[in-house]
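A.B. asks: Here is what each chain is made of, one letter per residue.
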Amino acid sequence: MIGQLQYETTPKYSFPRSLRDAGISKRIVELSLNSMRTASGRIFDVNNEELASFFTERVDDKYQLPIKDEFFPASIVPLRAIRDETPIIGIDVSSIKIGVTDAGAIYAVRGAVVTKINNRYRYVRFGPLPFHITKENIHEVFSELSRDLSVRFHLSPYIDSQIHLCNVIEKRLRAYVSRLVRRSIILWDGSLTAGMQRNLVNDLSKMLRTARENSNIVIGISKDTSLKFIGWRITDLLNGYKPPCLFEIRSPSLSHAGSLRVLGRIYVARLAKGGCAFRLDIDKAIPREESVVAVEKLIGNEMLYQGYPETLRLAHIYSTFTASDVIGIQRLLIRKYGLKLVAHDNMHRTLFGPYGTRLGD
Amino acid sequence: MRLFKKTGNTMHILCFPDEEVEKGEYLLIEDEKAHKSMIVQVIDIEFANVPGVMEEMLRSSSIEEFVEGEDDDPLDIMSHILYIQDARLLICKVHGTIVNGKLTSESSWLPSRTHSIIRKIPTESLVKLANIEGSLPIMIGETRDSFPLAIDAHQLDGRLSIITGKKGTGKSHLSKILALGLADYGAIVVILDLNGEYTSLGYNQDGSKNRYYDKIKVLSPGKTFKVTLYQTNLYVIMRTLVYALGLPGTSAREFRHIWKFLEKTGRLTLHDLGEAIQNWKCNQHVKDALYSRYSALVNSGFFTDNMAEAISFEKMLRKTERNGGGIIIIDLSDTSPSDRQMVVEYVLAKLQEALSQWKIRAVFLFAEEAHLYLKETYWDDIVTRMRHFGLFTTFITNQPNTIHENIYRQADNVFLLNFVNEHDLQIISRAARADAETITSIVRDLPSHHCLLLGKVVKDFPIIVKIRSLNVKTMGQTRFFFAEKREI
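Going down the list, the sequences are from chains S and D.
Take our numbering: the final residue in the first sequence is number 363, and no numbers are missing along the way.
Take our numbering: the final residue in the second sequence is number 489, and no numbers are missing along the way.
Listed next, the in silico EDC-like pairs over lysine to aspartate or glutamate satisfying Cα-Cα at most 20 Å (straight line):
1) S:K173 with D:D73
2) S:K338 with D:D74
3) S:K338 with D:D19
4) S:K99 with D:D77
5) S:K28 with D:E71
6) D:K218 with D:E310
7) D:K460 with D:E107
8) S:K28 with D:D77
9) D:K467 with D:E143
10) D:K467 with D:E125
11) D:K7 with D:D436
12) S:K338 with D:D77
13) S:K28 with D:D72
14) D:K474 with D:D185
15) S:K99 with D:E57
16) S:K28 with D:D73
17) S:K99 with D:E56
Think of the hints as simulated: they come from the structure by calculation, not from any bench.
Same shape as in the complex, but just chain S:
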């Protein structure tokens, strides 16, 4: 009897169809349309200066982790690439403020999921979707968007609607991908940290658990980090070591870092020769050895550009808004919802006439 080798087939996914089937897009689109109806016929102020400031990169780990300068016993782990056709999936979401109405503000969100399966890259873009966020509908919009995420939305005067909108959509996409894919490496843009609110931690934990249940490993990659260790930026710690290599930041202070919960094991990695070093957060529930193997699979099955995974780079490129995107969205809003465009400087004058300006204005 001739022994027959068992080959495991590489999973195939149809993201757009699955997105629709899962009802994820339907509900978000409905919310977008409902919110936009409240903007119908309103005065619309486009602040180009504010827009210009958007086209600058944000720092990934907005949560500042206080790492105490303790001794760390870990050592540099040299990596060897494992080529086994493990699917790599990158997720990124971008948002932008499109303009201001007399009732609130209009934001647009776009998400991108890029897969590398069987040596082929494919992308799915979701959006752009505009949202008109006002005092009246902010609670409804975010509550609805957060419904399946076990996140309870609390209206706070300090909430940044744009960031929150972006985060909620990103979480939905991450949750959806964690459920859908099997035996894959899922790359998130950013770290695996959450605020101390229980629901936020639960939410992140749930996503990581779902991913694990499907034999996936989530890796968060931060392009920029302000984390410092014994006076050094953590990404500088690998200077002088031969890539690819990994270095774990082990610090007792990291598990409960002030108001943050760190759900990942924090590494600094330089994945390619000549590439940059990045902060890598890998699900803490994954055994340490398995985490290292996951990174080795990442470098074996993924193309690295300056040491950065191509799927995540493409997801970022596909989701990011350009200035022409913004103008196109503004055009749609004006045509579809009859928004009355006013120059930024004239907003006060339009609303309040001669009472809206100071002397000399």
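Assemble chain D onto chain S, guided by the hints.
C.D. replies: Then chain D, alone, in the frame of chain S:
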């Protein structure tokens, strides 16, 4: 379309992808509140400077080759984004204003950005508005909006015109249309035909005679165009000797004495002139100079002592006028460069003589590549002085640098065919009848057999026209060695 900005007499108009506008077309900016409409011409089309387009293109071009994907764009926003990215900016020149249905040259007012309506103005409306066709129309061809454009022959009368364009764009074809059009209205047209391209104007393409046959005379110097010295007065022969054959001043003075002596004794023949030069008592160098010019006159075959084979050019001009106009073609194709100059000098001198003595009213002269047979001193003479006698010239050339800048500046009409060479474009942009930007931008993109009409023939509204075909036997084709392998 939306009015974007105005700088000087240049308007910038934003145009969206579903609005089709081409270079050279006219637009009407209607400001109902001001009760005025501004006429502008599109001289260039650029992509609108939409921010972020570069990023968008880099995004798609760098990755689309190896990444497939789909967009789940439920609100179809991408179509709006792409629409914006394809927006164009029309660079336009102001050409006047319509107030109460009347065209004025006013361009100092500013139409409203917010409520002006911009639409294309059909050539037909423009032609009517500017009264371009006039009472003596010469059909030139079709405009881009399929309007058959005719120019008024009055606008060639008393005018200086230039036809220029690179090789093979249809200059001669256009000049044939103009010449035949003028002849139709009884004008005398003289063509200095360098390559024998016009010699078959009297024949249809199939070789049969056309309706112009009897109106066309082809003169070949040395063959069907010979003159006696007796018909040639001293003024004409002196010009020929000095300008065409480069006779020095002292020798010219001596020649005048010889000529007058022969005239007085009634022996003004070629034979007697030769004898007189040889026997004339004067400096040997002068005698040699005179004899060498005499030999050139004899060898040209243009001069004869046989009255029977000689032609009176003046009589021919008068007869042409009496018969209701026609075309006299001087076929210079088989004439050497020096003989060519001699013949042209003779023709021009005779024309001037006939015109100055009011023997004929006026002559339309078509001069192909005039720099090959016209002395520098003649250019200004033709353009300024001879114009007052009734000699109205059309210069035809594919080398715009051979025509002097002052000729361009004084040209009333310029017919421009395609040029791509920057140097050539610079030269032709000196034409005073249109701004340099209009010329260089439009002419660069003119397809073959399309012409940009400038000047009085189009009442200073530059118009692009596709030159109509002409049922005339073609003679100007280039001869090819591998002719059998070429598609005709």
